[in-house]
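J.: What follows is the residue order along each chain.
2 protein chains.
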Amino acid sequence: MAKDKASRRPRAETPKGFRDYFGADVTERKAMLDAVAEVYHRYGFDPLETSAVETVEALGKFLPDVDRPNEGVFGWQDEDGDWLALRYDLTAPLARVAAQFRNDLPSPYRRYAMGPVWRNEKPGPGRFRQFYQCDADTVGSASVAADAEICAMLSDALEVVGIPRGDYIVRVNNRKVLNGVMEVAGVLDPSDPAKFEAERGIVLRAIDKIDRLGETGVRALLGSGRKDESGDFTKGAGLSDDQAAIIMSFVNAPRAINERMNDFSEFLSVDSETLEAHPEARTAVSIARAWTSQSPSEQPSKNRLTSLAAIGILGDLVKGSSQGQDGVSELAQIADYLEAQGYGPDRIVVDPSVVRGLGYYTGPVFEAELTFEIFDEKGRKRQFGSVAGGGRYDDLVKRFTGQSVPATGVSIGVDRLLAALRAKGRAGAEAQGPVVVTVMDRDRMGDYMAMVGELRRAGLRAELYLGNPKNFGNQLKYADARKSPVAVIQGSDEATRGVVVLKDLVLGAQIAAGASLEEWKSRPAQVEVPRADLVRAVQDMLS
Amino acid sequence: MAKDKASRRPRAETPKGFRDYFGADVTERKAMLDAVAEVYHRYGFDPLETSAVETVEALGKFLPDVDRPNEGVFGWQDEDGDWLALRYDLTAPLARVAAQFRNDLPSPYRRYAMGPVWRNEKPGPGRFRQFYQCDADTVGSASVAADAEICAMLSDALEVVGIPRGDYIVRVNNRKVLNGVMEVAGVLDPSDPAKFEAERGIVLRAIDKIDRLGETGVRALLGSGRKDESGDFTKGAGLSDDQAAIIMSFVNAPRAINERMNDFSEFLSVDSETLEAHPEARTAVSIARAWTSQSPSEQPSKNRLTSLAAIGILGDLVKGSSQGQDGVSELAQIADYLEAQGYGPDRIVVDPSVVRGLGYYTGPVFEAELTFEIFDEKGRKRQFGSVAGGGRYDDLVKRFTGQSVPATGVSIGVDRLLAALRAKGRAGAEAQGPVVVTVMDRDRMGDYMAMVGELRRAGLRAELYLGNPKNFGNQLKYADARKSPVAVIQGSDEATRGVVVLKDLVLGAQIAAGASLEEWKSRPAQVEVPRADLVRAVQDMLS
Chain S
1 MAKDKASRRP RAETPKGFRD YFGADVTERK AMLDAVAEVY HRYGFDPLET SAVETVEALG
61 KFLPDVDRPN EGVFGWQDED GDWLALRYDL TAPLARVAAQ FRNDLPSPYR RYAMGPVWRN
121 EKPGPGRFRQ FYQCDADTVG SASVAADAEI CAMLSDALEV VGIPRGDYIV RVNNRKVLNG
181 VMEVAGVLDP SDPAKFEAER GIVLRAIDKI DRLGETGVRA LLGSGRKDES GDFTKGAGLS
241 DDQAAIIMSF VNAPRAINER MNDFSEFLSV DSETLEAHPE ARTAVSIARA WTSQSPSEQP
301 SKNRLTSLAA IGILGDLVKG SSQGQDGVSE LAQIADYLEA QGYGPDRIVV DPSVVRGLGY
361 YTGPVFEAEL TFEIFDEKGR KRQFGSVAGG GRYDDLVKRF TGQSVPATGV SIGVDRLLAA
421 LRAKGRAGAE AQGPVVVTVM DRDRMGDYMA MVGELRRAGL RAELYLGNPK NFGNQLKYAD
481 ARKSPVAVIQ GSDEATRGVV VLKDLVLGAQ IAAGASLEEW KSRPAQVEVP RADLVRAVQD
541 MLS
Chain P
544 MAKDKASRRP RAETPKGFRD YFGADVTERK AMLDAVAEVY HRYGFDPLET SAVETVEALG
604 KFLPDVDRPN EGVFGWQDED GDWLALRYDL TAPLARVAAQ FRNDLPSPYR RYAMGPVWRN
664 EKPGPGRFRQ FYQCDADTVG SASVAADAEI CAMLSDALEV VGIPRGDYIV RVNNRKVLNG
724 VMEVAGVLDP SDPAKFEAER GIVLRAIDKI DRLGETGVRA LLGSGRKDES GDFTKGAGLS
784 DDQAAIIMSF VNAPRAINER MNDFSEFLSV DSETLEAHPE ARTAVSIARA WTSQSPSEQP
844 SKNRLTSLAA IGILGDLVKG SSQGQDGVSE LAQIADYLEA QGYGPDRIVV DPSVVRGLGY
904 YTGPVFEAEL TFEIFDEKGR KRQFGSVAGG GRYDDLVKRF TGQSVPATGV SIGVDRLLAA
964 LRAKGRAGAE AQGPVVVTVM DRDRMGDYMA MVGELRRAGL RAELYLGNPK NFGNQLKYAD
1024 ARKSPVAVIQ GSDEATRGVV VLKDLVLGAQ IAAGASLEEW KSRPAQVEVP RADLVRAVQD
1084 MLS
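Protein chains in written order, with the numbering used here: chain S, 1 to 543; chain P, 544 to 1086.
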């Protein structure tokens, strides 16, 4: 009978893949997002908050992740027969808004959005079905000035939340450049875009794995295929040696250039022997030298040189592809615009190795990577990696209106960035809990409430113990659980004498942690003060 | 064919009953909630953010609104067969959390939560299926000190967002008192709680309509029933004259007392003739006089007298009902606790007319009402009304654990409070848009980006015009739509001369609105400044 009753009780559990956020989890994220919003605001972006629910029809299928195109949404049928679903990102609702309110919104429309999104996928460790996104997009501008602005803003946002310059890098690439390289390598035919689609998919995935597989591994995947350590075979793209060489020079050259550009003086003083050994740097070096000699009075900046080098090499690679050349000149323009605002290669670089999201975006692509090292779950050091990504997607609004509306934007991975800040000890975790006013005499609650009221009016965070006051030890345990710095105590004896006792719980913890006798003596863990001095005395103890 | 294509396009529409929030809609709400959170924090409440999705099992059916018990949720079946749903309030998830984490949370647990909730009900004008709630609750305290604290905190929260003292009142009642009155009136039998349920429902709804129907209307509903102006008949509770008289004295007496208490001196100086005309005030007057004479050195405060008067009258009404007497002494304690913290009747009053939510709560009930007048949709003046409500609900966690856990809390109606702030002109609408840097020469975008970068680095909100720059008129229209205070202009001529032109758009608007010639002359609508002085000159123009 009792068992029967128990089995009818609902389980007190979050659904699988969902979680709760307590205290500092909430305040740290909020502080971070508030700081980001402040930057977005300064750039002229307006907040937009759409509802969590959209029609399935309006949402469409726009997940940027090429590896999981069938990732699902949480959906249901309305009583009216309409299918509704929870938004899976903040871009699809933006597209709907941009179409629905196209006559009312300023054009171009800069907006930011922050909030949860939902994905109906198998939950895993650290992988949740509800998580935060933080997006900024400009709708209605075809100018790459809009893309450059997004990159600069992303850089500012990272710094303002606590990632210092040098600990992050924003990389910029352009989908059109890769398309150009593919075209030159003969795996893209502009007159028949569907042709070689499978091959291009393999090439994209191979390039994406350069960090893990190295040159040899990527090269194998471009060709016949690759057998990994476990003996599993991954089929390759089947490119010829010549074709693979074009792709490989795309993969390798800019990396070499960027490294070299990090030390500009070394680059300009490169000797002919080194240049012999690094033929891929030749174009960049000659451009750099030409640039320097052209205007000897004005030393070119690292940023301009880096961009010129990368752009020179990429320009060579896509020769013969008009789309590729468009892409290169867009990159050159972005580099110019960033240069004009003073964003150097210590913050933003043109880097053709960025391929994430290239399947989704149509023009410039951005990715912000944190470059400091952390320890992974197995205790190994590794770079923190990507925390934000974005790019240009010119076809999103077209679904609704039939008209192409250019758009570009960025999405910050809120949980990852927050994890990074915590890893670096830069998330503003609340150091101190509330002052706790304890209850000695149950029938003098009014007196205790008066104390807590005075403390709060003075701006102090303070609580009255509201549990059963019988066991005083429980009250001190509660104060401890609350990380309280000071407990206020007044028994009937103290009340008669018009005093209160303040217990310094921070010191108490230090003593428990082994403070010396001198420290103990120098600072009393408990003081008695006149009741009228309560607020001042607590303020003294907290300062 | 073209038509066919168009019909396949998705509609760009929010689902019925949902809406988008733009710009100031978002920032004003955020500013309000941030201010409220600051108060909650000071009171020792910790934030909790649960996910939007819960199991249907965990959610249960706990809607506080007695009139619509079958109000639905948005639910669907998971692939695992579990039924999931969007939360319909923030209390049900709190109950689940309190049960799930009962061994980890501090006890008592003070938490606040802010966020959207969803209701699957027919949308109507101004009635949405997603809306914000802002709750604070204390779980695990049986003390009415917890209830008093919630009332004080609610009062502080209203003032901090911009409702000044005098423009709001927090009313406190107790479900147990009404139960006591019902028991005395013979429509509640403690040994058979289900008996007279229908009658009690009619009585509750009748009391709730006192403002609209007046005494006569309520009295009719307590008896045989009431015919309204259209001729429609509403069945009454069928009470006898004696029974109805008890309910009516509950409805009327405290109102009269409270009015009288608003002028304490008048109350104490009431003459015997007036007292004859208001027999319901007799008890309160005698208590007040007795109190004053008991401690003649110490004038009782209005708050204490109001409470004593109300409590005296209520005590008389529930004589014979132990539950009713518990309720009255709880109200007396709450009044004492608030008095101890200095919350007078200008902020919080004991008021038995509060019946909203009495069907849901088990002890003290609170309601915050805004007392200033606004014009309704028909242009009639009326009081703004309720913006927050709450109370004690001791059985919520029991569903999960089998153990009763006392809890009390309040929920602020975010949209209503925001509407009130707007009605009073107290919502911090953004007065000013961004500075707009216009584009005269398409090939000098880098120069314009440098300008906008400098402005932003100086902390100014600034935008570069990113649309097609061909038509300069469109750029000024854009600046106007953005409520921009200053447009920055630099054509090739100005560039050559190393200057920029600043156009004062605020002044421009004033001139358009009919500024005098003197004003026009005294302040040039357009100035030319050296390019190097851009930031300083814009700052001057904005100040």
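No lab work stands behind these hints, which were simulated from the structure alone. Treat the hints with caution; some may be incorrect.
[Stated by the list, open to error] As a list, the in silico DSS-like pairs of lysine-lysine whose alpha-carbon atoms are at most 30 Å apart: (1) P/Lys573 - S/Lys424; (2) P/Lys1026 - P/Lys967; (3) P/Lys967 - S/Lys398; (4) S/Lys30 - P/Lys573; (5) P/Lys1026 - S/Lys16.
[As the list claims (entries may be wrong)] FRET-style restraints, in silico, Cβ to Cβ: (6) P/Asn646 - S/Asp346: 43 to 51 Å; (7) S/Arg442 - P/Asp784: 18 to 26 Å; (8) P/Glu920 - S/Arg442: 34 to 42 Å; (9) P/Asp958 - S/Gly214: 53 to 61 Å.
Backbone N, C-alpha and C define an ideal beta-carbon position, used for all residues, glycine too.
J.: All hints, please: hold or fail.
T.: Results of checking the hints against the structure:
1. P/Lys573 - S/Lys424: The hint holds at about 29 Å.
2. P/Lys1026 - P/Lys967: holds (22 Å)
3. P/Lys967 - S/Lys398: Violated - the C-alpha atoms of S/Lys398 and P/Lys967 are around 42 Å apart, more than 30 Å.
4. S/Lys30 - P/Lys573: holds (11 Å)
5. P/Lys1026 - S/Lys16: violated (47 Å)
6. P/Asn646 - S/Asp346: 43 to 51 Å: Hint holds: Cβ distance 49 Å, inside 43 to 51 Å.
7. S/Arg442 - P/Asp784: 18 to 26 Å: violated (44 Å)
8. P/Glu920 - S/Arg442: 34 to 42 Å: Cβ of P/Glu920 to Cβ of S/Arg442: about 51 Å, so the range 34 to 42 Å is violated.
9. P/Asp958 - S/Gly214: 53 to 61 Å: With Cβ atoms ~57 Å apart, the hint holds.
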